[in-house]
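Start from the sequences, fold in the hints, and give me the full structure.
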Amino acid sequence: GDNAFYVYTSGTTGLPKAAVMSQRRFLATCAVSHKLGLRLAPTDRLYLCLPLYHATGLMVGWGGVLDAGASAFVRRKFSASNFLPEVRKYQTNTFVYIGELCRYLLHTPARPNDHDSPLTRIIGNGLRPDIWMEFKRRFGIERVTEFYGASEGNAAFMNLLNKDRTIGLTVNKIELVQYDVYKDEIVRDAGGRCQRVYKGDPGLLIAQISDDQVFEGYTNSEATEKKIIRNAFADGDAWFNSGDLIRQVDVGFAATFKHYQFVDRVGDTFRWRSENVSTNEVGEIINQHPQVGICNVYGVEVPNADGRAGMAAITLAEGVSELDMTDFSDFIARELPPYAQPVFVRIQHDIDVTGTFKMVKGDLKKQGYDINAVTDPIYVMKPRANEYERLERGFFAEIKSGTAGF
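For the sequence shown, counting from 1, position 264 maps to 269 in our numbering; every step adds exactly one.
No lab work stands behind these hints: they were computed from the structure.
A quick note: this is a predicted structure, and the numbers were derived from the prediction, not measured.
Check each hint, because a few of them may be wrong.
[Said to hold, decoys possible] Label pairs and their calculated CB-CB ranges:
#1 Gly360 to Arg143: 25 to 35 Å
#2 His354 to Lys82: 32 to 42 Å
#3 Thr408 to Met138: 27 to 37 Å
#4 Glu327 to Arg398: 20 to 30 Å
#5 Gly257 to Glu327: 42 to 52 Å
[Said to hold, decoys possible] In silico lysine-lysine, DSBU-like type, Cα no more than 30 Å apart, as pairs:
#6 Lys141 to Lys387
#7 Lys405 to Lys387
#8 Lys82 to Lys405
Glycine included, C-beta positions come from ideal geometry on N, C-alpha and C.
Right, dumping it as structure tokens:
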């Protein structure tokens, strides 16, 4: 159908791109969000604090309410401290989330009556498995409609059966194919074809482009072509490259529908000590340390070392003035395998996020552990050491010269 508007991608890994949103897709998303997702009725009321320039806020939130004939409380900016008081005041029983908002809410001081509110159903994307059950329990959530779908993509997933820790199922034609994280490219066989992953293994999500599964692309034709994988399984076929790694998961009885779980962005997953490291999965573990507020994990290059070393930028939890490095080091050694343990730790006052609370890694990767360019404290786990220590100029010089022994 005709174009309705353009939605700009988040720009977490590069410059934002204008994705085309057709009238047909816009109206379909609005309808699916409320009929199959939140299952809104005209008597329901939605808590909406996402910006309306964001696809989730505009189509899933505002559009879903419009399609259902329901009502919404619209807040200009998210506030964790005001969330529950406003839910109770305005009697909102549904909520549109971004996963980071749920984590911020869990970081607020717990109260015995947190579950005592009208809120029972939520819809959104990015609610991570490590906090899924805790969030449901603490706030009395009965239905979590997690979904997955890029603004420019041609495939979508939705947790229609209310299973836990999953982005749900899809009716689109998709495949999960092998991806070489180290080379940053799709694995192809001798005949040039993509290779499917085994069940349960992470794979690059690709979605077939066809008349029934249209890829509307971007306003820039060159950017559009870069997202298309051609001759994946047969001459002439075309597939949309999501840029995301996902895996199939077992959720119990699901009427034969396959369910999936988001793993990481391909540009964020890195390789260290011959192992693939998921920044999301490492971040989920580090976030469980009681002194850590929010954690952003990424890979950085180290001279004379294969792959990229892990680095974690963290904020301290509320009320914590200094990170106990002995306890933190013990926690990392206990909870993470050696290859996944961050080599560097950067302590920040705030984590850089987009307007829709997605963590930005680009500048962090560029700055790395350069103590000449970064004013934040940076700590390092030296080879054969068992505790993080402040990165000083002498050892920094050894790292840059390739003699640090990593």
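Tell me the hint numbers this structure goes against, listed in increasing order.
When the structure is compared with the hints, numbers 2, 3, 6 and 8 turn out to be violated.
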